[in-house]
Amino acid sequence: MIRLILLVAQKDLLIERRSRVLLWQVAPFGLMTLVLCGLAVGPNASTQAKLAPGLFYIVMTLVALLVINRTSQLEASRGTATSVQILGIDPGAVFLGKGLAMFFQLSIVGTALLAGTTVLLHVPLHAAILTLPVLLLATATLSLAGVLYGRIAASSANAGTLLPALALPAFAPVLIAGERAFSSLIAVGPLARWVWLLGVALGAYACVGLLLYGALEES
Amino acid sequence: MVVASLCDVVVTTGNFPLLSGVDLTLEGSTTYVITGPNGAGKTSLLRLLAGLEVPSRGSGTVLGFDICSAERRELRRHVGWLGHETSFYPDLSPTENLLFAARTTGADVDSIYSALDRVGLTHRAKVPLKSLSAGQQRRVSIAWFLVRRPQLWLMDEPFASLDDEGRVLISELIVAAQTGGATVVLTSHGALPAETLATSIVMVGGRIAEVAS
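If you read the protein sequences in the order shown, they are chains A and B. Residues in the first sequence are numbered consecutively from 1, following the numbering used here. Residues in the second sequence are numbered consecutively from 1001, following the numbering used here.
In short, the hints are calculated from the structure, not lab data. Watch out, some of these pointers could steer you wrong.
What the hints assert, rightly or not - Facing chain B, according to a computed beta carbon distance under 10 Å, are these residues of chain A, among others:
id, residue
1, R3
2, L7
3, V8
4, Q10
5, E75
6, D90
7, G214
Each residue gets a CB set at the ideal place from its N, CA and C atoms; glycine is no exception.
Using the sequences plus the hints, can you model the full thing?
Written out as structure tokens, the structure is:
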């Protein structure tokens, strides 16, 4: 199972390395959105720092939607989908493997966006560094939820527009918990409960994905 | 030896029937060619035999696997599939695609290179699949047959997009597969090469109208 997960993740990352969508499209989109957020908030540094966690996680969510859409489209064509079905790969391994690849991609973009947020929105450096583990936890949750909802949307002819409508409500707990945890690190506040919420969401999406991904593939 | 047995199988999409009460028995070491007009159900029958379609009525087994149950997923690992569309991942090279397929299924990785050589793609083995012509992309799928050596070969219009050399290659492989004990089922609109002796299955309106040796 672990070998299959790694093979699926390696394949998705190899395709990403070839196409460079993350580098030339997703990352610039995220950084431009972050700059626009900074401009929209205005020049006051304390206001920017106060709003930075929320703005950062909104940008992360938008970036995640792009990556999810891209990843779920890899097997969208009928020929590719059939070829992969014929291989008969364990659906649990496909779910976790694609989640792992997405986590790797989102972690890279997320770290770059966090650095951008620190510079552009005047976030204290110590808060940005301390929030990194929380960001990775939130990214892992977004990745597993993204693979699941990407698969659901992929079965529709309008996957690109259906995905945000389906996924954004599911991302809300991750966005809220990530933002609250980040804010708690900037202005001291309760952190554990938000980390716990992210952990529960990660576990829930892992269980649901392992149970349902095979059925979603068949549908 | 019976390879596949279908009894009154119905396959629908929405309310539209793709297959309407198909009864069919396929024997081992035999080549079958399915003919019929557009929309007759040729591709749907191939997909059913591959475990890619779920019957809404009837029963059947293919290679000993029940096609009406979750055994369909296991069945797929034992069939070879050549479809109309580009298969595998367009951004990966033929070698990378076949390596992924072989590693995930436990097939012989070393045989990939000889398979690519056999289908005449050694010189294009490392370029992205999307850079290859339609015929070359079909050859990659054929190379996978050689690596996997399935018991049941399912080929949808295998001669489409191929040049004369490619058609000869496919014909040779079909004959070799049949000689080696595999069962080959293919669809075709045109006449088959003379060396490809096949049992003919004629389909009309989602039903089997005639089976003739």
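Quick rundown of the hints versus the structure:
This hint holds: R3(A) has a C-beta 8 Å from the nearest C-beta of chain B, less than the 10 Å allowed. Against a cut-off of 10 Å between C-beta atoms, the interface hint on L7(A) holds, since the closest Cβ of chain B lies about 5 Å away. Residue-level restraint check for V8(A) holds (minimum Cβ-Cβ distance to chain B is 8 Å; threshold 10 Å). Interface hint status for Q10(A): upheld, as the beta-carbon distance to the closest one in chain B is roughly 8 Å, under 10 Å.
Because the smallest distance between the Cβ of E75(A) and any Cβ of chain B comes to about 8 Å, under 10 Å, the interface hint for this residue holds. For D90(A), the interface hint holds, since its Cβ comes within 10 Å of a Cβ in chain B; the closest pair sits about 9 Å apart. Annotation: G214(A) was flagged as interfacial toward chain B, and the flag holds, the nearest CB pair being 8 Å apart, inside 10 Å.
Hint compliance for this structure: no hint is broken.
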